[in-house]
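K.L.:
Chains as they are written, first to last, in this note's numbering: chain C, 1 to 201; chain X, 1 to 201; chain L, 1 to 201; chain Z, 1 to 201; chain P, 1 to 201; chain D, 1 to 201; chain G, 1 to 201; chain B, 1 to 201.
One or more hints might be untrue.
[Said to hold, decoys possible] Output of the computed footprint for chain G on chain Z, the stretches with three or more beta carbons under 8 Å from beta carbons of chain G:
(1) 103-111
(2) 126-134
(3) 139-153
(4) 157-165
(5) 171-183
Source of the hints: derived by calculation from the structure; they are not laboratory data.
Glycine included, C-beta positions come from ideal geometry on N, C-alpha and C.
There are 8 protein chains.
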Amino acid sequence: MSEVVYGAGKTGEQLVGIFRAMTKARQNTFVTRVTPELAASVKAVFPDVVHHTAARALTRDVVPLPSPSGKVVVMCAGTSDLPIAEEAALTAERLGARVVRLFDVGVAGLHRLLSRTNQFKNARAIVVVAGMEGALPSVVAGLVDHPVIAVPTSVGYGASFHGVAALLGMLNSCASGVTVVNIDNGFGAGVAAAMINRQSR
Amino acid sequence: MSEVVYGAGKTGEQLVGIFRAMTKARQNTFVTRVTPELAASVKAVFPDVVHHTAARALTRDVVPLPSPSGKVVVMCAGTSDLPIAEEAALTAERLGARVVRLFDVGVAGLHRLLSRTNQFKNARAIVVVAGMEGALPSVVAGLVDHPVIAVPTSVGYGASFHGVAALLGMLNSCASGVTVVNIDNGFGAGVAAAMINRQSR
Amino acid sequence: MSEVVYGAGKTGEQLVGIFRAMTKARQNTFVTRVTPELAASVKAVFPDVVHHTAARALTRDVVPLPSPSGKVVVMCAGTSDLPIAEEAALTAERLGARVVRLFDVGVAGLHRLLSRTNQFKNARAIVVVAGMEGALPSVVAGLVDHPVIAVPTSVGYGASFHGVAALLGMLNSCASGVTVVNIDNGFGAGVAAAMINRQSR
Amino acid sequence: MSEVVYGAGKTGEQLVGIFRAMTKARQNTFVTRVTPELAASVKAVFPDVVHHTAARALTRDVVPLPSPSGKVVVMCAGTSDLPIAEEAALTAERLGARVVRLFDVGVAGLHRLLSRTNQFKNARAIVVVAGMEGALPSVVAGLVDHPVIAVPTSVGYGASFHGVAALLGMLNSCASGVTVVNIDNGFGAGVAAAMINRQSR
Amino acid sequence: MSEVVYGAGKTGEQLVGIFRAMTKARQNTFVTRVTPELAASVKAVFPDVVHHTAARALTRDVVPLPSPSGKVVVMCAGTSDLPIAEEAALTAERLGARVVRLFDVGVAGLHRLLSRTNQFKNARAIVVVAGMEGALPSVVAGLVDHPVIAVPTSVGYGASFHGVAALLGMLNSCASGVTVVNIDNGFGAGVAAAMINRQSR
Amino acid sequence: MSEVVYGAGKTGEQLVGIFRAMTKARQNTFVTRVTPELAASVKAVFPDVVHHTAARALTRDVVPLPSPSGKVVVMCAGTSDLPIAEEAALTAERLGARVVRLFDVGVAGLHRLLSRTNQFKNARAIVVVAGMEGALPSVVAGLVDHPVIAVPTSVGYGASFHGVAALLGMLNSCASGVTVVNIDNGFGAGVAAAMINRQSR
Amino acid sequence: MSEVVYGAGKTGEQLVGIFRAMTKARQNTFVTRVTPELAASVKAVFPDVVHHTAARALTRDVVPLPSPSGKVVVMCAGTSDLPIAEEAALTAERLGARVVRLFDVGVAGLHRLLSRTNQFKNARAIVVVAGMEGALPSVVAGLVDHPVIAVPTSVGYGASFHGVAALLGMLNSCASGVTVVNIDNGFGAGVAAAMINRQSR
Amino acid sequence: MSEVVYGAGKTGEQLVGIFRAMTKARQNTFVTRVTPELAASVKAVFPDVVHHTAARALTRDVVPLPSPSGKVVVMCAGTSDLPIAEEAALTAERLGARVVRLFDVGVAGLHRLLSRTNQFKNARAIVVVAGMEGALPSVVAGLVDHPVIAVPTSVGYGASFHGVAALLGMLNSCASGVTVVNIDNGFGAGVAAAMINRQSR
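Model the full assembly from the supplied sequences, consistent with the hints where possible.
P.N.:
Below is the structure:
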């Protein structure tokens, strides 16, 4: 369906070239990890490209996307993890999932998380994004009976080692049904969640 | 349904106590990571306990298991990774999945893997178990459009660092839909696969 | 007050020598990390030595201990972390703290933890012992306004790296008031908790 | 009482928004890890914000802070560790602790440290900040009978690995009563010290 | 024959000095890891220097190179690994190897790789360049009976740890005949491949 | 030609089974990493199996091996690295290489190494086995113009980290033409050396 | 003078062979890292071999050792580090140094260390052996103006990582004149100290 | 004698203040790790400050330095390691050592190193500076009978891990008399070498 391009390290010129080629090929385009400067230089040439600022992504669709179905929940604790969470959500949506975002639930404010249980316990797949100690996926997976895809983020400092602490925490989760993707890999989590969601149709 | 017990580090006495309690509670019991010695000392007391030697597990069921449905494929390259693969397969089966085992497919013998594509491409979830460089999940995920759960094993020596090389390889997979569990965590992969498989009913 | 001896690596002969010297010096003795074999060989000579099997410790007191005061809570999720938790509890008790043990509260069973909040929220110091992903201290510290001393344990396998995953998780806790000791250092946590508890008299 | 904001990575615009919201909510504000540029852009809008340059923090108080009580000592060896030590001191002060700063005591100049013993031996909690080999907390804890909170800093080069050497040194301290926080986490140490100090009221 | 200079970290002035000295010595010059800026400042003085932009290298030959013989294949999956692959290819060529480039073969598109088998199975040495999980050398070496030199690249993010994941994957390859060079060391791989190729003359 | 079996972790029973199957298949058998106990239990059944004690290997040939040609040199500094060096030498021999062993040349005794230069400088491939700091391959590669395959061994203690120091030293070799295999992978080095040697026929 | 043999991993038979060869060659013999069992099996054949139990070494001298001169001080905190400290002391003695042992000085008991300053401040070289956080060399080097050779030991648990914490602490020492040897390398420290001591004659 | 200041991270203003204070105190000043910009801003105020460009250091002496005596040799392989080697040499000189620089001897060009043996074999201490695989100290220490201080540098890329490979290589040196300092710590090596050199007067 959609050509997916990892934008980090690409130049504006390279991205414009890709959009041009996709236009010719009548294919949708989805570029992840785009800086504001890169986005601007692409929009200067293709003004109809959509810049998803929170997800740091660009999209341009020439054929209709699949209509949303099922339910994927994407969760994180707050503003720092939000870009990765949005990347996961946008990815899952583009692959046909109906996505519910819960972006203010953390281990610190446990009661807020518990009060939202109804919003996520019937999801077909839950993506949980967390940095620092990465404890949220364990807590969430202890409350539901559905697959949880944990995304460690590089948010943190010192002994977080750019996401390693969160990654290890998630790999060692004592809760059932948790699987893990690479640090900051919101895209990969979104793809896996959409695949699981799609199974259920 | 079933009480699951991590057997590693437990004594025979402790396990016998657990089987006794489960009998009283009329609950099925599933013990993982059981040495042959431990298994023997349990069977001395409960002769009807089933010892799954390949999976290194004990089970004793007093209520019927769910009947198998859907399709989960568990793959590995050979004898070294087999115990973890069997643990994943047995776990998924006990949680209601119909499981197909493909235990002789590796990156080295690519043509054998390719000739089996029909056997795994329609699975609802695929568990791929691999040690050493852990390349198999990437190759498999490149051939299918379904969720792949990668299980790194501690098989290897030297710079395999007891499974770290395989773990990192899987986390960095360039193929879509791959999620990862802890090193040697066949149980966790089996649970996640069964959860995904169950979604589809 | 009490001579504290790290028992690991000592021989029975060496320990007997220490107990003999302490008897002469009219001093209490506290030996940590004692195997059952070591304990037996000491008790063969000093039958009045107390073997705290769960805490893997030996004590022999010739002068009275301080009477318990204040409140220190020691928490862990279950049997695997129990020896370290007991070591922390016994240590704090010997240093004058009244200790409350909560040994069946984990991140998995969140509601059980929450139902116990009254039992730990008024403690002067809380020692939280956890292996694997080490998420419990974050959750507990989010519920109280008192110092939490986190003890990572070497319980786990694979990417737990003998307690490193839990250690990193605790060092990166997003909750306030969490400080951390070395992996499996129940003794150190007990000392620090008793010191904090004692401040309050 | 006070909203605490981790300033690193925030924009001036975001911080101004936070100060605006806190003004409305009649709440004190405390922002850590603020660059001089960021501080300037906030002060352009809120001239009454206090910029604690040494601590790299901003504060604006609309309700009175608790009056200082007890005694927390914050120690470090010199100019490199000073920003983290000041962050700890300011944090503890804002949470009601009377704070004594000893900022020129190091392992190299042992006699200077020993000549100051009277100034720190009666503190309710001592925060010891150190980079490089991180030996100071062990030395200090050997001289007192009170809780020591050790803060490793990322000061150093080569095999200091951005604070890892200091962190490991502190976790392995042979002295009693030492607990540790994350690398450069002066804020966390200040909170824990203030909590301990508060217990004693 | 040729003086080889590692350009990274050198100044334009230093490089110009080297080219001047080589001119005097009537020796060919080969500079690797040259930024576009550095290349420009050299070409301003020596306009006849050849800038191999893809390989990020400069060459200036005053004596004829050896004429190409044998067959070395250099393979990679795409644009990100291309600079290192080109560095390997150019190096091998300068040392007398006839080089065939296959720069669009990856583990993801297995069928494209397999369709090219004839192009690489008769090479005297194959250089396989790959980042992320570094699985390509294993797959290639499983298809041929010739030495494979694997070059891990720093392409990737998160748990790729700047090429460590690829390096470990390659060192643990289950396929025969794979040897490995340092991360991003296209030059070293090119030298080794040319040495092997030369043996066969 | 020859079935190669990694013996580590196999049981005597499993190995006997393998020899039995190979006998039926009229194939040569080569088992690496065999303990003396394992060797004895195989020889009890197949008395004509050859036990290469230094190389820790078993062989049984039912068809003739290729006659030795070319020249592969295998070097190490002494007794500790000898089992890995012998494994490499035996492997290369079985694959048709004429092998020269130089097993008493080390970095410490530089003059002895230099006095042997004539013995290794015309080899088609040189396998250099070294533990501890792993400096020997760099020194050797600086003296010859042929491919050097470096094998780090796990010989050493402390900061050798079971061969990691040697592995890193070899990967960072400043000499040209060095490629590296996994720690203790004498077999892999032998295969690669034999492949290079065979090219030259 | 003396043949030095690293005993770890050698068999009794091998050691007896070495002593036999040295007897023939009229050379002194010094074997380090000898277990009690190994020592016994050598003494059964050579009853005049001296077993230095604390240093875990064997010696047999057929020519007189150099007479002791100069002054080397070897320091450690207690029983756990003693074998390594004794290995260093014995090594330096055999190479001609007069050695003073200070084996009860640690960072914890700072006043005891300070009261001994006269005993070590005029040494030509000081070997400081320490495990856990490895802070002693920094403290000692701050008190003297002579070379300090720091020996990290593998004594400790958890985040001591078998001596890595002590090693890093020593490498990052803020005191002048500290150099470091490998973990547990008492022998190497003894050699270096004796070399420095010898310079001064 | 001389105040030594670690210049990295200091501002020009701070350095000017230090020089001003030292002038008042009639003390020599030695600043290490100075960028050209920093040097310029200091020289603008104190034109008589000496900028040692190769050593990246500033000095200003108001009292005479000790006259050079003894012999310290500082060795490295080439331009990349030169700044650290110069820092070591300058440091040793300022502490009274006569220093001989050998800056073009490497493991690659063994014969050049051997031809210089007479220049370094009678040194009282030898500082050997090396990056990448760090093999030079082993080779040098094998040729002499004097203390060798090894300085790993952060020169290299990929699996050099900013000097870790060289550091580990040096710590595991099989040659006698090698001790090691932190990565890039030319200053520390210079101090230790001068201390050893001074012993001999």
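K.L.:
Decide, hint by hint, whether the structure agrees.
P.N.:
Structure-based check of each hint:
{"no.": "1", "hint": "103-111", "in the structure": "holds (count 5)"}
{"no.": "2", "hint": "126-134", "in the structure": "holds (count 3)"}
{"no.": "3", "hint": "139-153", "in the structure": "holds (count 3)"}
{"no.": "4", "hint": "157-165", "in the structure": "holds (count 6)"}
{"no.": "5", "hint": "171-183", "in the structure": "holds (count 5)"}
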